[in-house]
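**Student:** Now for the letters of each chain:
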Amino acid sequence: MAAPQVISNSGHEDMIHDAGLDYYGRRLATCSSDRTIKIFEIEGESHRLVETLKGHEGAVWCVAWAHPKFGTILASSSYDGKVLIWREQPQNATSPAGGSTWTKVFDFSLHTASVNMVSWAPHESGCLLACASSDGHVSVLEFRDNNWTHQTFHAHGMGVNSISWAPAAFAGSLISSTPGPGQQRRFVTGGSDNLIKIWDYNAETKTYNPTQTLEGHSDWVRDVAWSPSILSKSYIASASQDKTVRIWTSDASNPNQWSSQTLEFDTVLWRVSWSLSGNILAVSGGDNKVSLWKENLKGQWEKVKDIEE
Amino acid sequence: MSSSMEPRPLQSAFESPTFAEDSSIHVDQPVGSMSISPCGRDVVLGSKEGLHVIDLDSPYSPPRYLPHHTPWEVADVQWSPFASRDYWVISTSNQKALVWNLAMKTWQNSIEHVLHAHSRAITDINFSAFHPDLLATCAVDSFIHCWDLRTPSRPAISFSDWFTGATQVKWNRQDPHVIASSHDRFLRIWDDRMGAYPIRSIEAHGTKIYGVDWNRVRPNALTTCSLDKTIKFWDYKSETDTPEKMIRTPFPVWRARNTPFGWGVLAMPQRGNSDLHLYSRRAGDGASPNEDLPLVHSFPGHKGQVKEFLWRSRGGVADGVDHREFQLVTWGTDRELRLHRMNPEILERVGYEKGKTYISNRNISRLGAVYRSFRDVNSDLEVEDPESVSSIRQNATTQYAGGPGMNAIVVPHVRSWTRGARLDSRVGMQPRSNLRADTNPIAWMRGVKISGWDIETLGDEISHVGDKFSKVSFESVDVRQRKISISLHGPWGVDGDSLFLKVDIKFPTSYPKSAIPTFAFQKTAAVTDELSRRITADLRTIAEICMSQKRGCLEGAVRYLLGESSLEESIALVLGETGENVKSPVNDELEGESSDEDEVGMTQSQELGLSSELLRPVNANVMVPVAKVCGALWANDGRLVCFFPPKRDKSTALFDNLGFKEMNRLSRSDKVFEGTDDGASDYSDDSYSETSSSSGSSDILSGLPARFQPPQTWRSAGSIGIYRPRSTNNSQRSAGGAVVLKPPDAVLNFVSIHDFSDMLPVKRELASKYRICGKGPDVCAHNAAVALDAGYYELAQIWGLIKLVLHVRSTPVSAIEAKKGLRRAVLGGNGLDLKRALPNEELPGGLASAVIRWADHPLGSHWLVPALFDHFERIGDVQMVALLSCVLFDAKQEIRPDNSQEMYPTEPAFSLDFSSRYGVLTTPPYSTGTTPPNASRPRGIVADRKMPSQDVSGAASPDQPNQRGGSGFGSVLASSLSKSFTFGPSSASPPISSLLRKKPSPGDSPNTANLQPMQSDTESERLVKPRGKSARFKVTFKNQNAFDGGDPGSNSLLDRSKEGLYRAYRAAYADILLMWDLPVQQSEVLKIGRFSKDEATLRDKYYGGQSSNITSLPDPTPMSDSGSDIEGLDFQRHCANCGHALKRSIFAAAPAVPETPSKRHRRKHGVGQKEEDLDLWQTSSPFASLARGMGGGLSQGLRSKDDRKKNRSIAMPAAGRK
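Top to bottom, those sequences are chains A and B.
The C-terminal residue of the first sequence carries number 309 in UniProt numbering, and the numbering is unbroken.
The C-terminal residue of the second sequence carries number 1218 in UniProt numbering, and the numbering is unbroken.
These are calculated hints, taken from the structure and not from any lab test.
DSSO-like mimics (lysine-lysine), calculated; alpha carbons at most 27 angstroms apart, straight line: (1) B/1058 to A/294; (2) B/468 to B/506; (3) B/1058 to A/233; (4) A/104 to B/471; (5) B/303 to B/468; (6) B/513 to B/502; (7) A/298 to A/243; (8) B/502 to B/483; (9) A/206 to B/468; (10) B/471 to A/206; (11) B/506 to B/483; (12) B/1058 to A/298; (13) B/523 to B/506.
Partner residues aside, some chain A positions facing chain B, computed with beta carbon under 10 angstroms: (14) 12; (15) 33; (16) 228; (17) 277; (18) 292.
A virtual CB, placed ideally from N, CA and C, is assigned to each residue, including glycine.
Just chain A, with the same shape it has in the complex (with noise of 0.2 angstroms):
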């Protein structure tokens, strides 16, 4: 493996709290306490810091790239209570060389705590995005017919930490006899309660309600995440501050029937983040190290690599 390409100057005068490639994988977007999202330029080995946007009033804890068919689009939460969505928009359509700017299109602050995580659902069920707040809400945000409209719901008592949507086509929706009526939107919440939350959008009520609960962590879950690749079976992880990370996994067969393992850290952990394909994830704690696991042909977990900075 080539040496890894470190951006060791981001420029922040804070702790970074999240970072993420778009969906080419051309730029970097990364949030920070010092209120800014700063984007990079990244072509091969080389980096380049092309934007700094400012807004947020708080910490930015997350950002979270839109898929290309809506533009480039960047949404990204804040301590401050607001989800806020950007936008690039080329100065001058014509030349391609031409500048750029980055505006900010939406500013959603309904959320009476701070925005924890912010999230996209896949493309094909349109321009969706959940939010997990601290108040303890979840809103899902859809551009619409030019309009943003929202829905705000109560997940978690003690706060929503964090949001994963599930792929739109997933396992279980499927290969099922009776395929579901139009298209899946299916997400997972983790919460200060220690909960998992799996929620289904239910398209005659157009409501979002919680169909499954995953109990088992004992201290706060920070991070889910459901696997985007779909297969027979679907996969969460979950990363709790009771320093294990647990993996869920649903059969297809038998979509609502989930079953965890978990995976022991000597730390809080924090995040969870699966590839696009092949099932690695990626597990990050207080520790400050990185690991990636692998299921192994036996179906069992293992450590394929360590990444320390």
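Go by the hints and put chain B onto chain A.
**Tutor:** What follows is chain B alone, placed relative to chain A:
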């Protein structure tokens, strides 16, 4: 009653509704300290967010909020005790003291001065007891500065201990020159006439002194307290270092102050006890002098450590008689502001009785203070001295730290000032929501509890309803005036549209027992008189029903207004209401998030056994989890983005060098980040408090652990929820500190991007070379070679296997052209029957397996194929599962083009016999409508007659012949190709080729070329449809069909029931391809199987509505088009959707036209009806040119007679003539 307390027009303290009550107010703010206004009506809470001025007489009114965001705990806040300066409040902000002028109108300029001379955090502020402009501050830097606010730029006098930081500073209450300060264990007495040396030093305690207080009467007497669990009474003039008296307490003492009455001392524990304890300075009767002084009373109430207490008094001294009354006001870590009613008996026990003689030498600076509240911004007071205006301006800038002008301010220790200030902006933990929370009357009211107040019922009801209905905005709430104003959206518009309503509700005093509120709607255009009358009438009905039950009607009214329940339902609810089940029936019907949340919240709190205050989700920023400073996130392409905080050893070294003691604390809180999670005990030790610059913060922290330790879940929830966020701040602070201290280009965070794509099963290098479309075996062979080249032997072998499976299957198909044509003819002959009997897709499968029934073979769909899928699923290889489904899908429908070209003239063939490189370029949409109709039509009409449509598909690239397995066919094609070249331009091709040239295509000539061979190919097939031959083959296939007829579903290699899954695989893989910038491959993958009806419905199912509903954000950029839609055939940057849709609609909507005799023969061949329709349509419809442009017409336009001859001549030997 009191001469000194003039009865003001508004109120005096005797009219205070809260003075004689126990009450509590919840203030969800990180409050560090508290002080009371001279008149005793307001208290000010100093928090990290700023100042909160609460009118104790109007507790339901949210406080006035003066923002000043700071990451530092507010160590002290002092309201000037002078009646003449009752607008001044001093608060600490780390090493600065801010002088607020509450009489100023807006918060922007309410900081009148910034007192800045300390280099470390200020720990205490004390106003002189004699001069309203004098005050003293002391700080961790060991200095005591005395300030004259008339010249606030520098301290008037400074003292320093030089060795240890000061914890307290107090002016003597009787002697204006004497100041006491405490430094660690030492008490120092200073005289402002005596210079830099203390006039007396006493080593007063065994551990650090935390509280100093002068006696209110005796000029030489003072009290100290310490964590060594003692309170000591000194006379500094006495020569001995022994205290006059001492109280031993069972707890470490944080503060002990003499009561303003009698001889009491009120002691505040530092930890271990959340009550306040009143001791008497005088020994009980008959007690021996050596005995401890007696505990008189304890004031319970707080659930957390008490952090500050003060006395609220009213009345005064008249004619030497003391008429004062007192109320104790306390602030605790439970974030409750409590007012304790004083029982006269308790006061008596410390020697105070109302109406007794007054000790005259007491100095009361508060005397004559106007009884008014600064909660409301006063306008009657002006800024007195013009000088302050300039300083205000300066301070305004400084307050907005981080502002560019800031660094320019020249002040001593500017560095540390900027540091703190910039941190301020950087840390960014100041939520706007605080401002909001403050101004949200409901959130505020919820926290207010007043015993014995009638108002409470109304306040409770309002706050309860306010809690419940998050959609209702309570614009103003005035519990004292008993009126509220709410606004909401309810379904009152035309046709039940949402309508904005604003309602003023007044509650009579006898509500809810015997009166109903009045409802007044604010008129808007949409709210007609008639509507408001109707609603009002209904609301009155509801209210009356509620009144009959002696219940509040606000909830019912709001529900009704929101449209959540009709009038009847509302009444039924009220009448039938039994406890909790009211909500549930309503819940289900409506969006009712608000009520949902209540229930969820409740059950959870029950489960966890937490008190509701701690679970309160509003203002829940206390619940914000510790920030993540390290993370790893996968990018789509197999790279892993990691970010790490700065290396710790580096930063701590830095901190050490600079000698910041606070950093000890900070690095300790770092541990929380590190996850060592060493629990709370760490925070309660003394060293922590010592290093703590702001004494206030430590007692919060130390207070909490004791509470939270016992139950494990508790501890985690509690400690994380409430106390960790603080640590977040700390460590962020540390980070921030580091920034400033480091050189500008300092490394703070590490972001690294690791390329782990080799760990992923999905390979771009393979994807770019793999073929997707084409003859199964060839594709497999090619792909096997690709995999082998790239070194993926396993994949190569698997491709080999599949090739074997497919090879046999497709042999008959690819054998010779003649056979193919014949078979098609046969199919045509049978087609009608078959089609009727079987779904379209089944047909080819049946035919295919007619050759070898791989589907039933263990190496087919019974075992091998599922096993392969299973394996690749297991390793998460989206690429392989998608490709397998592509290849096998092709295989399954191998013969389909022959069949379905009749059904869907253009599409199916297109989807299959499509060369990966060039084929796409013939995608119909491009040529749609751009082909000049005139050029192609005449020709097209003729051609159409003979060989309808279909050809678009072929898209045969130069290597197409090979795929077809045609032996000499290729060469023939080649020649036809060249012919077409020359011919093309003369007919329709010029516009087309020029069109094509625009596309990002490998080259022009192939484009043009690929139109041609395909054409000739299909043409040959088309022309070769001899009836006679077909008869011969018909027999064969008929048998086969009959044989297969029993289990048509099992014929395909793929499990039909999983078709949706395979589709999803392909979609996922297509996504990956798009991301890899391989749009051609992406289109191919998406194309597979798109056109079966089944697929179409599937597609609609999964993606239906999406393209129409969502395109991109407003004012779409080119980028927004680039993501290729699932609709498929488009590839990047071309909007294929419209072309596609057009095509589909054209064929779907092909008008049924009476058949003409000329086509009858073909019909007998079993050629689909649609083909004929198409013919007719093409001659008749003006849109035909469009269709031709898309494909049919295009190729036909290029077709020449020569070509046809050629083709015929090839076909002839095999198929014969008709």
